[in-house]
Every structure is written in C-alpha cells, then in structure tokens.
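As you go down the protein sequences, you meet chains A and B in turn.
Here the first sequence is numbered in the working numbering, starting from 23 and rising by one per residue.
Here the second sequence is numbered in the working numbering, starting from 285 and rising by one per residue.
Calculated from the structure, these hints are not laboratory results.
Check before you lean on any hint, since a few could be wrong.
To be verified - Pairs of lysine-lysine, DSS-like flavour, derived with a Cα cap of 27 angstroms:
{"#": "1", "chain 1": "A", "residue 1": "K353", "chain 2": "B", "residue 2": "K314"}
{"#": "2", "chain 1": "A", "residue 1": "K138", "chain 2": "A", "residue 2": "K314"}
{"#": "3", "chain 1": "A", "residue 1": "K440", "chain 2": "B", "residue 2": "K314"}
{"#": "4", "chain 1": "B", "residue 1": "K344", "chain 2": "A", "residue 2": "K57"}
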Amino acid sequence: MNTASVHLGVVDYSILALYVVFVIGIGFALKRQMKTSADFFLSGRNIPAWVTGLAFLSANLGALELVGMAASGAKYGIATCHFYWVGAIPAMIFLAVFMMPFYYGSKARSVPEYLKLRFDERARAFNSVSFAVMTIFASGISLNALAKLLHNLLGWEYNISLWVCSFIVLLYVLKGGLTSAIYTEVLQFFMIVLGFAPVVWLGLRDAGGWDVIKQKLSGVAVHPALYNLSDSASKTFNPDAWTSAWKPLLAGPSANPMGIDLFAMVFGLGFVLSFGYWCTNFLVVQRAMAAKDMKAARNTPLVAAVPKMLFPLLVILPGMIALALSATQGKNYHLPQAVISQGRMTTAVISLRDSVTNHADSAVASKALASAAGTSFNPAKVEALLKASPGTADAQLAIGIQDAVVNDYDGVILSLVKRYCPTGLLGLALTALLASFMSGMAGNVTAFNTVWTYDLYQAYIAPDKSDEHYSWMGRVVTVAGILLSIGAAYFASMWTNAMDIIQLVFAFVNAPLFATFLLGMFWSRTTGTGAFVGLISGTLASALFHACTISVGNLPGVKGGYIHTFWTLPSDMAQNFWLASFAFTVCFLVTVFVSLATRRTKSNQELTGLVYSLTPKQSVDQAWYARPGTIGIVLLAVCVILNYIFW
Amino acid sequence: MGLDIRYPIGMMFTLIGLLLAATGFFSPEKLSLGININLIWGAILFLFGALMWGSAVRAKGK
Numbered sequence: 023m024n025t026a027s028v029h030l031g032v033v034d035y036s037i038l039a040l041y042v043v044f045v046i047g048i049g050f051a052l053k054r055q056m057k058t059s060a061d062f063f064l065s066g067r068n069i070p071a072w073v074t075g076l077a078f079l080s081a082n083l084g085a086l087e088l089v090g091m092a093a094s095g096a097k098y099g100i101a102t103c104h105f106y107w108v109g110a111i112p113a114m115i116f117l118a119v120f121m122m123p124f125y126y127g128s129k130a131r132s133v134p135e136y137l138k139l140r141f142d143e144r145a146r147a148f149n150s151v152s153f154a155v156m157t158i159f160a161s162g163i164s165l166n167a168l169a170k171l172l173h174n175l176l177g178w179e180y181n182i183s184l185w186v187c188s189f190i191v192l193l194y195v196l197k198g199g200l201t202s203a204i205y206t207e208v209l210q211f212f213m214i215v216l217g218f219a220p221v222v223w224l225g226l227r228d229a230g231g232w233d234v235i236k237q238k239l240s241g242v243a244v245h246p247a248l249y250n251l252s253d254s255a256s257k258t259f260n261p262d263a264w265t266s267a268w269k270p271l272l273a274g275p276s277a278n279p280m281g282i283d284l285f286a287m288v289f290g291l292g293f294v295l296s297f298g299y300w301c302t303n304f305l306v307v308q309r310a311m312a313a314k315d316m317k318a319a320r321n322t323p324l325v326a327a328v329p330k331m332l333f334p335l336l337v338i339l340p341g342m343i344a345l346a347l348s349a350t351q352g353k354n355y356h357l358p359q360a361v362i363s364q365g366r367m368t369t370a371v372i373s374l375r376d377s378v379t380n381h382a383d384s385a386v387a388s389k390a391l392a393s394a395a396g397t398s399f400n401p402a403k404v405e406a407l408l409k410a411s412p413g414t415a416d417a418q419l420a421i422g423i424q425d426a427v428v429n430d431y432d433g434v435i436l437s438l439v440k441r442y443c444p445t446g447l448l449g450l451a452l453t454a455l456l457a458s459f460m461s462g463m464a465g466n467v468t469a470f471n472t473v474w475t476y477d478l479y480q481a482y483i484a485p486d487k488s489d490e491h492y493s494w495m496g497r498v499v500t501v502a503g504i505l506l507s508i509g510a511a512y513f514a515s516m517w518t519n520a521m522d523i524i525q526l527v528f529a530f531v532n533a534p535l536f537a538t539f540l541l542g543m544f545w546s547r548t549t550g551t552g553a554f555v556g557l558i559s560g561t562l563a564s565a566l567f568h569a570c571t572i573s574v575g576n577l578p579g580v581k582g583g584y585i586h587t588f589w590t591l592p593s594d595m596a597q598n599f600w601l602a603s604f605a606f607t608v609c610f611l612v613t614v615f616v617s618l619a620t621r622r623t624k625s626n627q628e629l630t631g632l633v634y635s636l637t638p639k640q641s642v643d644q645a646w647y648a649r650p651g652t653i654g655i656v657l658l659a660v661c662v663i664l665n666y667i668f669w
Numbered sequence: 285m286g287l288d289i290r291y292p293i294g295m296m297f298t299l300i301g302l303l304l305a306a307t308g309f310f311s312p313e314k315l316s317l318g319i320n321i322n323l324i325w326g327a328i329l330f331l332f333g334a335l336m337w338g339s340a341v342r343a344k345g346k
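Using the sequences and the hints, build the whole thing.
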C-alpha cells in the first residue's frame with residue numbers, strides 16, 4: 023500500500039537526480055587531488071574563506087534543523103531566534119577573534135589533538151572517544167529522521183531511503199575526502215537557501231505579510247490552548263509573547279512559551295552551551311582548520327555569521343507563518359496533527375463517553391483517550407469535550423476529538439511545502455531538505471574519520487605507520503563510519519528511549535567542555551591534571567544535577583529527578599540550560615583549584631602558540647577594517663540591532 | 285585549488301533553473317496562490333546559476 027501524502031512528478035525526480043549527479047561529480051572531480059593523508063583529512067589546507075565559511079554553516083545544519091526550527095517557530099515564536107542571535111553569533115565571533123589563532127597556529131590536526139598539545143593524553147582521550155561516539159549517534163539520529171520523513175511523505179521504503187542516502191554521502195566523501203565534503207556543503211548551502219526561500223515568500227504572501235502575522239499571533243498568545251499550545255484552558259500570555267524576542271523573557275518563565283528565565287537564556291544558552299558547541303566542536307572547527315591561511319581560518323566563522331544571522335527568516339519564520347495561518351478563518355489550515363483512523367475514532371468516542379459516565383477528570387480522560395486513539399491529547403480541550411459531550415452527536419464529538427490531538431510540530435515545514443509547491447518547486451524543496459541532511463551527515467563522517475585516524479588509531483593503536491597507511495585507514499573508517507551511522511539509525515528507530523538516554527549522556531559530557539578550553543587557552547597555569555579532573559567533575563556534576571531536578575509535568579525517570587527532586591524547573595529547556603550552567607561552573611572551579619594544587623608539566627616554551635599570554639602577537643599586515651576584530655565588532659553591532667528591532 | 289566550486293554550483297542551478305522555468309512555461313496551470321511560481325523561481329535560479337558560472341569563467345580568464 024502506498025501511504026504517500028505527496029506524489030512526485032518527472033520534473034521533481036529530474037531536479038533530485040541533477041543534484042545527486044553534481045554532488046557525486048564533485049567527489050570524482052576531486053579524487054585526483056587526494057594524494058596524502060593530509061589531503062584527505064585536512065584538504066591540504068588551501069581553501070578560500072568564503073568556501074570554508076559556508077561549509078562551516080551547512081555542516082552544522084542537519085535535516086533536523088529545518089524541521090526542528092520551524093517546529094520551534096510555531097511552538098515558541100520569535101524567541102526561537104535566540105538560538106541564532108544569542109546562541110551562535112557571539113560564540114562564532116569569539117572563535118574567529120580569539121580561539122582560531124591557537125587552533126590554526128598550533129598545527130594541531132584536530133580539536134582533541136589541541137588538547138593533547140595543551141594538556142596531555144588524558145584530556146585528548148576523553149574528548150576524542152566521546153566525540154567519535156557522539157558523531158556516529160548524531161548522524162544516526164538524523165538519518166533515521168530523514169528516512170522516516172521520506173517514508174511518510176513520499177512513501178519511499180524506509181530501508182531503501184536509509185541506504186541510498188548514506189551511499190551517496192559515502193561515495194563523495196570516499197572520493198574527495200574533506201575537500202569534497204566542504205565543496206558539496208557549499209553547493210548544499212545554496213540549495214537549502216534557494217530551495218526554501220520560495221516557500222517562505224509564498225507563505226508570507228498567503229498570511230498577508232508580517233503585520234498581519236503579528237496581529238494573528240497576538241490573538242494566539244491570549245488563548246494558547248485553542249491552538250493546543252497550552253495544556254491549561256485558562257493559560258494566557260501577553261499579546262507579544264510570540265512576536266517579541268526579549269520582553270516575554272524579561273517578564274519571567276511563566277510569561278513566555280519557552281518557560282525560560284533570563285539567566286538561563288543568557289548564561290546557559292548564550293555562554294555555556296553556545297561557546298561549548300561553536301568553539302570546541304570539531305565538526306565545525308574542522309572547516310575553519312581547512313582554510314588556506316591564518317587569515318582565511320579566522321574569517322571562516324565570520325563569513326558564516328552573516329547568513330547565520332539571517333537564517334531565522336528561512337527556518338523560524340515558516341513556523342510562525344503556519345501558526346498565523348491556523349489562526350486565520352478561511353485559510354483552511356490547521357497545524358499538523360496525527361490523524362485518527364475511522365476505526366480508532368469509534369473506540370475513542372466510546373472511551374470519552376465512558377469517562378463522562380465515570381466522572382473522570384481531564385488528565386485521566388486524556389490518558390484513556392490516548393490509549394484508545396493511539397496518539398496524545400491536549401487536556402485543556404479534553405476537559406471542554408467532557409463538559410460538552412452529553413447531548414452531542416457522535417459525529418460532532420469525533421471532530422472535537424480530532425481537534426484535541428496534540429500538534430505535530432515537526433510536520434509544520436512539510437505542511438507548508440505541500441500547501442505551496444506545485445510539481446517542480448516541490449522537487450526543489452525536497453532536494454533542499456535532502457541537501458541539508460547530507461551536508462550534516464558528511465560533516466559528521468569527515469570529523470569522525472579524522473578523529474579516529476589521528477587521535478585514536480595513530481595515537482593509541484598503530485603509531486609510526488606510513489602516510490599511505492593512514493590514508494588507507496581514513497577510507498576504511500569512512501566506510502565504517504557510514505555503516506555505524508546506519509546501525510545507529512536502526513537503533514534509534516527501535517529504541518527511542520535508549521536514544522534519549524544516550525543523548526542525555528552526551529549532554530553531560532559536553533556541558534562542562536568550554537570551561538576546559540577557556541582556562542586552557544587563557545590561563546597558562548592550568549595543568550593537565552586540573553583539566554582532566556575538572557572535565558570529569560563537570561560531567562559528574564551535570565549527571566547529579568539532572569538526577570536532582572525535574573521540569574514541570576514530568577515524572578522522575580529519564581527526564582531527571584530520580585534521586586530526589588530538589589528543584590522543579592518550569593520547562594525541559596530551562597532544566598537543560600541550568601544544567602549546562604551548573605556543569606560549567608563546577609568544571610571551571612575544580613580545574614582552577616586542582617591546577618593550583620598540582621605542578622605544571624609543560625614549560626612556557628612548550629605552550630607558545632597554545633596559550634594566549636605566551637604567544638607573541640602576530641604582526642598585522644591587514645588594514646584596520648579588514649581585521650577579524652573589526653569585522654567581529656561590526657557583526658556584533660548588527661546582531662544587537664536585530665535584537666532591538668524585534669525586542 | 286584544482287576545482288573552482290563556482291563551476292558546479294553555476295552549472296547545476298542553470299540547469300535546474302531552465303528545467304523549472306520550462307515546467308512553468310509549458311504547464312502554466314500549476315499555480316501557487318495564483319502565481320506561476322515555477323516560471324518565476326526557475327528564472328531566478330537560472331540567473332543565479334549563470335552569474336556563478338560567469339564569475340568562475342572570468343576568474344579563470346584572469
């Protein structure tokens with residue numbers, strides 16, 4: 023049976039095929055240049071900044087970003103932009119201005135290798151093992167999401183989607199190594215932008231422009247439960263909750279749909295998580311390290327910052343458009359929901375009538391309804407249904423039950439693609455989605471094969487082999503990395519809960535990381551033991567924090583609070599941001615104290631080029647306006663202006 | 285670098301643009317909000333592709 027909700031025409035398949043031919047073609051065209059292992063892993067360090075900059079950006083874009091950011095746009099509104107304006111831009115500028123000179127200048131081939139040069143083998147081993155495992159799971163999760171999506175949308179077989187998409191990535195990474203991943207990422211960047219821009223443009227026209235959207239969203243904010251955006255019928259926000267970036271945040275967690283306070287947003291996301299990701303994650307840093315010279319390396323994140331700042335237009339605005347449409351009479355648009363089949367609906371109606379007879383409250387009734395219909399419900403609407411059901415006909419009740427199903431936010435972007443794209447444009451939009459997925463997967467695979475070969479294989483398993491041997495190993499591990507990602511995708515499709523736990527563990531490991539880099543780069547007194555003990559304590563501290571806190575509406579377990587609940591936070595996101603803040607602080611303090619108590623093992627000379635104060639200032643041959651510092655300040659100013667406009 | 289990435293980007297978008305514009309031209313009944321989006325967007329992609337391709341050719345000539 024074909025369950026597809028969209029059918030592709032010949033033109034759509036032709037566009038898709040053209041794209042595939044070009045990405046694979048790039049891999050083959052670059053094959054001749056892959057002579058040494060440095061060519062394969064580091065792309066010979068001769069790529070211009072605009073190319074590495076755009077690759078820097080697309081490597082970070084998984085398939086989940088397009089889907090997930092539109093989802094958050096509908097769920098939280100414009101505050102989602104903080105993931106870009108607060109959670110990315112400042113960190114990217116910091117990387118360019120302050121950190122890139124040490125990564126690039128030290129001639130380390132990877133981020134874990136920098137840790138080895140700066141500290142010792144312990145920090146490197148810890149970082150490289152966790153990073154390698156994490157990239158595999160990250161690409162597996164993304165792969166599973168993509169194959170599921172293609173199956174639901176186009177009716178393509180899950181297994182075939184999974185293997186074919188991976189095989190295309192494998193082919194071009196295997197042929198052209200990091201260079202081909204970077205080059206295709208640039209092509210994919212343009213594909214993503216030009217593929218989704220018409221959808222956003224049409225959506226904006228359809229909804230009636232930004233002013234109408236703002237007006238509609240202020241109506242939504244006052245009655246969020248009507249749109250299944252709140253579990254409580256009486257919940258109400260200020261009219262600007264979806265359309266102002268800062269005002270609802272300043273008013274406290276209960277005044278914004280994210281349930282976030284200012285400190286968690288600015289310190290947790292804007293400092294700890296953001297700097298921890300953009301400044302230490304080898305997946306993105308690798309792109310900058312492949313640049314042709316120091317100038318280009320430092321310009322890489324700056325080039326990326328420009329489109330990154332504007333990306334909310336492309337990825338978050340669609341979610342807000344969708345919500346505004348669903349609040350507009352006559353547009354015939356509803357936020358996507360799971361559709362209850364006729365057979366299930368009959369049992370669902372019976373279950374609801376039973377709940378009325380048993381005088382069940384809305385929580386109990388919602389649960390009964392959920393097991394009858396096989397999907398979750400909004401308790402606020404179930405409560406209204408319970409009151410209205412006596413005297414309502416079954417058919418009418420069925421409509422009400424369908425309306426009470428929780429929103430499937432991840433379907434938002436596709437529902438717009440379906441709404442606006444005729445054959446032709448449809449192929450383009452789908453290709454853009456595939457491109458965003460492939461760029462993320464290629465990014466993960468190239469980062470994985472470098473860390474495995476240089477930081478694990480060469481360091482601990484087989485040192486002192488010939489360059490050909492490592493080149494060969496790079497290709498073997500590229501195949502292995504893709505196969506492991508496929509394995510992780512199947513794992514994710516079968517054990518969702520296990521996957522949640524794995525992601526949680528990585529959150530624990532990543533949270534404290536930036537403290538180690540910050541102290542390592544800017545305080546020469548930091549010792550290897552200090553860094554290692556600090557990292558371990560930070561990781562344990564985050565696990566402990568998680569075990570002792572929980573967010574509203576969750577039961578103790580995977581969501582935390584399984585030791586004891588000392589603190590109940592207003593949302594999962596708040597818990598996550600506070601966890602990171604706590605882990606960072608613990609790692610920072612422990613690293614400082616242990617460093618002061620232990621001996622330095624590296625001399626000032628050994629740390630030259632690795633620590634800020636011990637590295638001679640570079641002679642500057644650039645005009646003042648072309649220096650990274652100047653460009654960084656300009657970019658920051660633009661970012662502040664953006665925040666001010668949407669204050 | 286042996287390969288100027290503007291070549292493949294330029295060629296790909298020129299071709300996709302042509303394909304999309306042709307679809308819009310020959311099946312003008314496929315509208316979105318009353319707009320022949322295939323034709324318009326195809327033309328834009330074609331222009332973008334031609335610009336990329338052209339700039340790569342110019343850079344090579346220098």
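Comparing the hints with the structure gives:
no.: 1; hint: A:K353 - B:K314; result: 20 angstroms, holds
no.: 2; hint: A:K138 - A:K314; result: 24 angstroms, holds
no.: 3; hint: A:K440 - B:K314; result: 13 angstroms, holds
no.: 4; hint: B:K344 - A:K57; result: 24 angstroms, holds
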